[in-house]
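Novice: Sequence:
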Amino acid sequence: MIYPVISTKNPIFFNSSKIPRNQERCSKLSSFQSRSIFRSFHHQNPGIKPKTQFLNPVIGTNLGEVSVRKGKKKKESLWQQGCQEMLGLCGLGYWVQGFRCFPWLALNFHMAYNLNLNPSTLQLVQNSGNLPMVAKPLFGILSDALYIGGAHRIPYICIGVLLQVLSWGQLALFPVAGQALPALMACVLLSNTGAAITEVAKDALITEYGQKHRITGLQSYAFMALAAGGILGNLLGGYFLVKLPPRMMFLVFSVLLSIQLVVSLSCNEECLGLARSLGPLSDLMIAISEDSIFRPLTWIVASIAMVPILSGSIFCYQTQCLHLNPSVIGMSRVIGQLILLSLTVLYNRYWKQIPMRKLIGVVQILYASSLLLDLALVREINLSIGIPNEVFALCFSGLAETLAQFKILPFSVLLATLCPRGCEGSLTSFLASALCLSSIVSGFWGVGLAAMLGIRSSDYSNLPVGILIQFLAALLPLGWIHHVPMSQPVEKKRKKGMSKRNRKTRRIGRVVVGSVFAYRRERESDAQK
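According to the working numbering, the stretch in the sequence shown is residues 679 to 1207, in order.
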């Protein structure tokens, strides 16, 4: 306990409620200092008994510091709880997003073998089913501006997951839905609509959470979870296709989506500390008009859209001409996802220091070169050097797709860093929508190229020409790679200066000790008189 010492001979009274600064500092003297000072005073003057009185004893510990300490502990506990919910919600969400290759692999085989669709029609169905992804900016604006039950991220994740459960569950439980192409397309469109809503909310959530708590690189960890889900999905997909019908695979994925829905409903967005956003549409237009965002966004969209993708033709060639086992195709995707996971880890740990323009240029050249691996498979160059088709497809078939996915990561990190507060959902969804639209355009270019070259189920003679056109088109974006910034912006750390409160605490001991020694001198002079 610390008691303010007041002399009875020269009492001090204050009419105003404002206490002088020195007197306020005196009240904060520690009990150890006060006992040592008065012990020294009584030792030197044993006969003097100062008359003192104690007014309003105060506790030695600063109550303000105690409350601040409790507030910090409370904030730390809330932050830990928010981190756990983020790991459970977004980690599982991105893993399930990567695991979507599991039912899609079954759906592709179902359309190719059970419905007997030709390569162009198969690729047309695949790209048309992705049209709901183009509406992502609308979903992002709604997520930024329209709150449901006081939250604006988790409710949209739940809505998107529910739509996916309904679509894949219908394909699993009602066989008629998978036999007719119009009904199948309706289920695919409903599933991709739900996936688009969920992806928009998840991307906005990690961007907003990272800016709120100043955590950079969350997009890298999202890519890791995405790649992990893709690895397991392709691994199990290739095995299950041999053992089970596609309907059972649809049912397994529906159960997994139901688990994600339960986890999402159990999360509380208040623990994440997300603030309300105002004017998302106007903020989005301002953000996109910035050169630092517009120029790299234009480059990545154009680099994808101008390359005609022949994925449907390659898939049908591998299954119908080379007679590759579904497990081989599934394992090739697994290897591709393992490479994507490794590249993401390397980027997060080492490659962020490399200039972004240089890194993207190297990745684009590697992507263009990897397209020629399909040419080697079609021309049977691998057989001439003693590599079987199964081994070659297993090791190199998914490399081009992997590099195309990895190329998006640096741009996602860049735009998440530059994203202004309040339009996280709008900007991230606009990026995802632009990338999806460019992929759809690329797929339509591929359908047109295959039709122009006469590539069909009975004739793949012109497929090498289409692959060479792909290679040349993939090299064209290097001509305007100057639109990509040299380096990514790094958030500057704030300098920790000494606050006014810390400076006052630092001076308090010296001021109080001086006032107590002044009291000693006063008592000594009184004793001499």
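Some hints here could point you the wrong way.
Claimed, not checked - In the BS3-like style, the derived pairs of lysine-lysine whose C-alpha atoms are separated by at most 27 Å in a straight line are:
hint, residue 1, residue 2
1, 1085, 1036
2, 890, 1030
3, 1085, 1030
Everything labelled a hint here was simulated from the structure, so no lab data went into it.
Novice: Does each hint hold? Answer for all of them.
Specialist: Checked hints:
For the hint linking residue 1085 to residue 1036, the alpha-carbon distance of about 12 Å falls within 27 Å, and the restraint holds. The suggested pairing of residue 890 with residue 1030 holds, with an alpha-carbon distance near 22 Å, which does not exceed 27 Å. About 13 Å separates the Cα atoms of residue 1085 and residue 1030, which keeps this hinted pair within 27 Å; it holds.
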